[in-house]
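Just so you know, the sequences run in chain order A and B.
In terms of the working numbering, the first sequence is numbered consecutively and its last residue is 422.
In terms of the working numbering, the second sequence is numbered consecutively and its last residue is 422.
Be a bit skeptical, because a hint or two may be false.
Because identical chains share one entry, a pair is satisfied inside a single copy or across any pair of copies.
[Said to hold, decoys possible] In silico DSSO-like cross-links for lysine-lysine, where the CA-CA straight-line distance does not exceed 30 angstroms:
id : residue 1 : residue 2
1  : 129       : 279
2  : 54        : 302
3  : 30        : 63
4  : 279       : 131
5  : 23        : 129
6  : 384       : 279
7  : 25        : 63
8  : 360       : 280
9  : 319       : 54
10 : 384       : 280
11 : 54        : 312
12 : 126       : 209
13 : 279       : 360
14 : 280       : 131
15 : 280       : 30
I should point out that these hints are in silico values taken from the structure, not numbers from a laboratory.
Number of protein chains: 2
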Amino acid sequence: MIYREEVVLKEQYLEELQEEYNKYKSQNLKLDMSRGKPCSDQLDLSMGMLDALKSDDDLSTAKGVDIRNYGVLDGIPEAKEFFSQMLEVGEEEIIIGGNSSLNMMHDAIARAMLHGVHGSPTPWSKLPKVKFLCPSPGYDRHFAISEFFNMELITVEMTPDGPDMDEVEKLVRDDETIKGMWCVPKYSNPDGVTYSDEVVDRLAEMTTKAEDFRIFWDNAYTVHHLTDEPEQLKNILEACKAAGNPNRVFIFGSTSKITFPGSGVAMMAASKENVDFIKKQLAFQTIGSDKINQMRHVRYFKTFENLEAHMKKQAAIIKPKFDMVLNILERELSDRNIATWSKPKGGYFISLNTLDGCAKEVVQMAAEAGVTLTGAGATYPYGKDPRDRNIRLAPTFPSLEELEKAIEIFCLCVKLVSAKKQ
Amino acid sequence: MIYREEVVLKEQYLEELQEEYNKYKSQNLKLDMSRGKPCSDQLDLSMGMLDALKSDDDLSTAKGVDIRNYGVLDGIPEAKEFFSQMLEVGEEEIIIGGNSSLNMMHDAIARAMLHGVHGSPTPWSKLPKVKFLCPSPGYDRHFAISEFFNMELITVEMTPDGPDMDEVEKLVRDDETIKGMWCVPKYSNPDGVTYSDEVVDRLAEMTTKAEDFRIFWDNAYTVHHLTDEPEQLKNILEACKAAGNPNRVFIFGSTSKITFPGSGVAMMAASKENVDFIKKQLAFQTIGSDKINQMRHVRYFKTFENLEAHMKKQAAIIKPKFDMVLNILERELSDRNIATWSKPKGGYFISLNTLDGCAKEVVQMAAEAGVTLTGAGATYPYGKDPRDRNIRLAPTFPSLEELEKAIEIFCLCVKLVSAKKQ
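Can you build the whole structure from these sequences, using the hints too?
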């Protein structure tokens, strides 16, 4: 009898959920929380950038270089000084690039394929196989670059401290075709994890069979805190130097989520030996990046402390969005054992795991009710989440009002799909 | 006896020249006419660019896209519309890039190497050999890109109408490893030649053994006239379409010598099929170029006619420099049969040929007297001018006063070296 009652209850429950879902569906909503885009209030914070350089300003560097003209391959000294603080490296260890760190990562891989990195016995594209480690869930655009260059992607599980280092160490020790690894080490995309000191040290110290192994350290969210207690990430370049592997890491960063995405300044850092090697190759590609935009950023912020204060204003705008999402997830899903999720202290995402085998259907149902989420599976190599459970939520772009509705619909979809599976 | 007098005269002449040269040398001059850089007066013309977008402006496209945020891979519609006029192509046939057309060319080759171009049977880097035709004298940075990618460079002689087409047609018809060709088709670097209609047609129509042959059409000086009678270049994309080879050409351009070098807008044009193919590859490299800078250019110029008027102001600044160089060359060298030179109607260079075997020594002597010229040989593949005679003069950057001294020293060196050789 109890069994029968439970069945009836479950049917009732499913019916109620379905009814609620149909109601949303009939509203023809169009809500997008698929990508980590700043909202327009965040962009408004940087409008002063447009007045930072005016027609009657002197556009020379301190050393008298006219930044309006050709030249300066690796960035003006002012920009190197400013952004080396952000990446915590020396001014000799940084290259200021164009508007996109993704572009710099892509190009770094393209150079490695065609010419090799510093110390490569052979260009990677001449090898029968190149593999890259992909801590997952991770950033789909990283994985896509590796796929584009025909690399084999190897999934490594993320833990609350960073990638599963036992697994990483074992893999790189024995396989010389593993040439590199993608990392978002701080407030990781999507889990919001900051790698522990131990993980950083083990990455720096581990023995790699490939002598030209490179860590692609995408420190995209280094100043993107959501709380007043910023998480600390150990300096990987220093750790690599201390471990006797100074050339192991390429560090990347940008102002894309600080000022204007697409019109910011990107940068790359590495050992001076790496930087010197890269500059020789870069010289064939370009005469230099946009020095005026570099100066625009430096003159706008003036000091690194001002940039940090600017990031607090960013946080003040997006923190309520994260809180709202987390509160609704808590309210709707916490007592059902059908999902777990991250509570990030920085970055741009909340990562949610459904029951195994539910993520695709949840995303599909949400889409049919007008809520666009990051595609299920996107956070894994080849777009294939082996347990079909991870969903990346990007709360920053929609308004609070839109977000509330979107996340309520999302929770409803999680409940519906879970109930059907259970 | 006549013989003896001539020897004495020659010795006297050499002595006088040497004395004059030593006088210059003792002045410790530092004059640079090595690169095609705008002078600061030219850059001043564009200072209004810095006020074109202000903090209280609306930064949306006509279609309502917020250009401050991520997105728009191939450029904002406003920029496509504007710059498609400059490259004389359709708005579907253009991709707006970052700050450097050289970068776009480099990347186009890198993509061809790693993935092939549209219709490639195989990526170029997988082939045992790739050759590129290099009309010479030509642009050293073009040749350097090809060298960087281990291509074999084949010199094709330039004629007053463009590359020697008999030679080009013969080469590409029989050799499938010839995958492409560099061209600066208007006011060429360094000869100032504009390709004739016949040359353009023959390039479009010729039979190539390589089915994925590409012409890299660097239309760098398309609006860079020095006279009121602009030379006309036949539209290569239309010619290629008419010849049934619509995918043969990649066209490049930029505002580097229109607004600010390094902070301008670069662009690439090709058939829609090519553009669609490239956009799929580009999507792995970047989310999009600097849209704010694109809009800054469009709002600053407003109309293409304004850009053309702006170029007349540029010409007014640099024409006197070209005239001065040409007048001094005429005065010092014309009655001696020791040099010939171009009289360009646009572009950035004067190309001078010494007697065979003199160029390197002339450049060396000039350097020792404090005048930096483009390296002799730079205008030929591998930096090797087979006749050691071509020297590229770049008159735009120095002041008129500096230029006068530099070119006088240069002429003196030509006379000295020629006299020693004769």
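Next item on the list: Could you work out which earlier hints the structure fails to respect and list their numbers in ascending sequence?
Entry: Going through the list in order, the structure violates hint 5 alone and respects the others.
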